Amino acid sequence: MGTRVRTDTGAEGSSDASPGAAGTRALDLDKLFAARLQAARARPYLATALFALHTVESRQVPTMGVDRYWRCYVSPDFVDRTPVEELAGVWVHEVSHLLRDHHGRSDRFAKERGLTGPGERLRMNIAADCEINDDAFGDGLVKPEGVVDPAFLRLPEGQLMESYLLQFQLGAWTTEFAWLDCGSGADGLEREWELGPDGAHGLSEQERDAVRFRVAQGITGRPGSAPEGWKRWAEEAFHPPQPWRALLGAAVRSAASAPGAGEDYSYGRPSRRSAGVPGTVLPSLRRRPPHVSVIIDTSGSVSDTELGSALLEVAAISRAVGGRRDLVTVVPCDAAARIAHPLCKAEGIPLLGGGGTNLRAGFAKALRSHPRPDVIVVLTDGQTPWPGSRPPCRTVVGLFPRHHRRTSWDEDDPDYVPDSPPDWARVVQIG
Amino acid sequence: MPTCTPFAMPISLSNADAGAVANADAGADLDPTSQLDIAGDLLTLLRTTTTEPRPDTQLEALTLAVAADLPVLLWGEPGIGKTAALTQLAAALDLPLTTVIASVHEPSDFSGLPIVGDDPAEQGVPMAPPDWAVRLVRAGRGLLFLDELSTAPPAVQAALLRLVLERRIGSLQLPPGVRIVAAANPRSSAADGWELSPPLANRFVHLQWTHDHEVVVRGLGGTWPRATLPRLAPERLSEAVDFARRAVCALLAARPKLVHQLPNSESRRGGAWPSPRSWEMTLRLIAFATASGVSRDVLSLLVRGTVGDGPGLELLAGLDRLDLPDPETLLADPAGADLPQRGDLRQAVLDGVVAAVRARPERDRWNAAWALLVRALETGAPDLVVVPATTLASLRRDDWDVPAAIENLAGVVTLSRRADEAAARAKRATGARR
Chain A
1 MGTRVRTDTG AEGSSDASPG AAGTRALDLD KLFAARLQAA RARPYLATAL FALHTVESRQ
61 VPTMGVDRYW RCYVSPDFVD RTPVEELAGV WVHEVSHLLR DHHGRSDRFA KERGLTGPGE
121 RLRMNIAADC EINDDAFGDG LVKPEGVVDP AFLRLPEGQL MESYLLQFQL GAWTTEFAWL
181 DCGSGADGLE REWELGPDGA HGLSEQERDA VRFRVAQGIT GRPGSAPEGW KRWAEEAFHP
241 PQPWRALLGA AVRSAASAPG AGEDYSYGRP SRRSAGVPGT VLPSLRRRPP HVSVIIDTSG
301 SVSDTELGSA LLEVAAISRA VGGRRDLVTV VPCDAAARIA HPLCKAEGIP LLGGGGTNLR
361 AGFAKALRSH PRPDVIVVLT DGQTPWPGSR PPCRTVVGLF PRHHRRTSWD EDDPDYVPDS
421 PPDWARVVQI G
Chain B
1 MPTCTPFAMP ISLSNADAGA VANADAGADL DPTSQLDIAG DLLTLLRTTT TEPRPDTQLE
61 ALTLAVAADL PVLLWGEPGI GKTAALTQLA AALDLPLTTV IASVHEPSDF SGLPIVGDDP
121 AEQGVPMAPP DWAVRLVRAG RGLLFLDELS TAPPAVQAAL LRLVLERRIG SLQLPPGVRI
181 VAAANPRSSA ADGWELSPPL ANRFVHLQWT HDHEVVVRGL GGTWPRATLP RLAPERLSEA
241 VDFARRAVCA LLAARPKLVH QLPNSESRRG GAWPSPRSWE MTLRLIAFAT ASGVSRDVLS
301 LLVRGTVGDG PGLELLAGLD RLDLPDPETL LADPAGADLP QRGDLRQAVL DGVVAAVRAR
361 PERDRWNAAW ALLVRALETG APDLVVVPAT TLASLRRDDW DVPAAIENLA GVVTLSRRAD
421 EAAARAKRAT GARR
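Chains A and B are the protein sequences, given in the same order.
Following my numbering, the numbering of the first sequence begins with 1 at its first residue and continues without gaps.
Following my numbering, the numbering of the second sequence begins with 1 at its first residue and continues without gaps.
Any given hint could turn out to be false.
[What the hints assert, rightly or not] Per label pair, the in silico range of CB-to-CB distance:
#: 1; chain 1: A; residue 1: 108; chain 2: B; residue 2: 84; range: 20 to 30 Å
#: 2; chain 1: B; residue 1: 264; chain 2: A; residue 2: 108; range: 20 to 30 Å
#: 3; chain 1: B; residue 1: 186; chain 2: A; residue 2: 119; range: 30 to 40 Å
#: 4; chain 1: A; residue 1: 268; chain 2: B; residue 2: 134; range: 29 to 39 Å
#: 5; chain 1: B; residue 1: 391; chain 2: A; residue 2: 390; range: 47 to 57 Å
#: 6; chain 1: B; residue 1: 79; chain 2: A; residue 2: 243; range: 16 to 26 Å
#: 7; chain 1: B; residue 1: 424; chain 2: A; residue 2: 304; range: 32 to 42 Å
#: 8; chain 1: A; residue 1: 166; chain 2: B; residue 2: 94; range: 48 to 58 Å
#: 9; chain 1: B; residue 1: 378; chain 2: A; residue 2: 200; range: 13 to 23 Å
#: 10; chain 1: A; residue 1: 108; chain 2: B; residue 2: 115; range: 51 to 61 Å
#: 11; chain 1: B; residue 1: 94; chain 2: A; residue 2: 309; range: 47 to 57 Å
It should be emphasised that the hints constitute simulated quantities derived from the structure, not laboratory data.
Keep in mind that this is a model prediction, so the values were computed, not measured.
Glycine included, each C-beta is placed from N, C-alpha and C at the ideal position.
Please build the complete structure, drawing on both the sequences and the hints.
Pasting the structure below:
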């Protein structure tokens, strides 16, 4: 059938460049595209991304590799010696690198930790492969020969590239991966065979975003067929989870400094400028430190570590917004609210409890205290009944995530699902 | 060799008779004035830098939004060159730049300072504007840069927002030739409780301002970038308005939910979100982008900064589709068809052609679609043609003859079969492994 695709032999002399290689065979495009068709049939939600890849024949790439401009470099010999069904798996593997933005994440990781050198990039490629390979194959796709997976590094499955990177070093058992090379699309390091940003048929940043967005939309629109890892990717592709410390801090700060609390202009005392404008009253800047009540869910379902870290965070934030230590009150609460403790009394607040949860009691206790709080911060895992009406002050909820809901937390009523936090509270996911 | 250390200089300057001391110290050939001259020379040398042309998408986006007379909010860490960018922008638009540091002002500086006259009960208390506002209004044009919005107290922010939204300072109305840009620190690094409420966030074009490592290093080395800023082409104006209206209306007609969506999660608060007002801003930005012919990357920054990431990306995807050839045009002239190179777009076009034939099945259109598929096969990857060809074959009526062009598609059938066989093998292999 001949070659119908314009392959940019971007590296036009690429066959001369590697004289020793058995690079005399032409690229078997029919085989390559049959594999892509099989991949698109096995993973229909990735079809857009698979078809958006631009194929470039290259005799320098060891197997197949991608660059960050969505070009896919293919070695003719590799296509020749690999069965179609394995090639389909390689297609999916390579496109996963691009969809999951491994090059951008590698660059950020390297920058944060000051990592340099090809060895580190190889580590990133391996970690990226681990993130992809634990759920990419099976279900109609054959795992290609010699791919890396977390089990090989004796690491648990289902983690992100960044966490794998923290868990292994290059060593004796990774030396056999030294040939492993998925191109700059996987680890951010430019390769000599790549066409670079100015080469033909690269995708611009906006086009890359558009392709990733379409794939993500396809997955969230028809969530049935995609595995869990891809669904999570689709949810977070354009809304990466933000650091909870910053979010909780912003929520508490804005609750504590909104009108009625914190620093603002007041007519309680005339401004010093009034002297220059006789006869008029100008407001002056006054500070009214906010009273913050922290309701802590001490029921058995929240761990001490979680509580400790979140409580420290709230104390630090409320000090930062001008709440003196004596203005921060802590109300431990499980099924019943305990005594409200001022934060200044002791370093350690007795977090009594451990039974079931009823935060309504905690709200009532906090609102009865004098002076009345300007802000209520609730730290809970959310498995509680919430007050039926909006409390008369701003509310921030720090929510500990609970993923494992297989066993019901209520033995008497296994079907009971707790309410989600109400609309009037600002909710921040912690951890 | 002079023995006078640079540290001795400020002392000799602050002190009237220290010149003699310095003279005695450094020798007769150096007096403080000449030291200052040398320092001036050194400063001049340090200031002498060259520029080089370099595309800068965020500066282009800022220029377009300012030209479109929309309030822009730059989010960026302190010290990354927001002011420098504003200086360059003011020079490019030929506008005098007025910088107001919001955090050192009182609310009455923006809402007007009360001046008591002879008889307040009779004549009222006029609210006098500050001098920079008077100068700005007198000039009739200018670029007003409100810096450090994030560290100003809430009351100052409230007064400033009136200035941004209603363009009023006290009793003064800013003339239309004045453009406003504000800057704020991101929430994570803001010391105070600065946060835009959703109605206010909705009125700004949010631009994330970041620095490019390479630009900074080269700039400190003596070469700063010079961006070629977008220019509006007068002959493209009406075409641009048409295109912008078509793009926004096509999306909103198909996705009514996108018209108005209050931000619901904590992480999206304070940013851009879609509403009729921000869609109107988007429409204006698309028209400006089209008339000036900037890249899609610039438009992407602007649109996502106006209606948010999700709706913005959907709009941009829609724009990509608007650029695709119309199926009816392709069916009318299959021989001269120009199909897009990119595989996913090409498949979208072919799917569109098949859908058009399905919508109005006629023999000529069916044959034309086959000719198009053959053309696609001759100019691009064969696997893209498989699904459209299968669907098109199923549309055949009994009295329609198989066109001769189908012969050319025999390879596609082989390819499809090959993929099927591979899938069967894969199924066996994965099934056995489990």
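Next item on the list: Kindly indicate which numbered hints from before are broken by the structure, ordering the numbers from low to high.
Entry: 7
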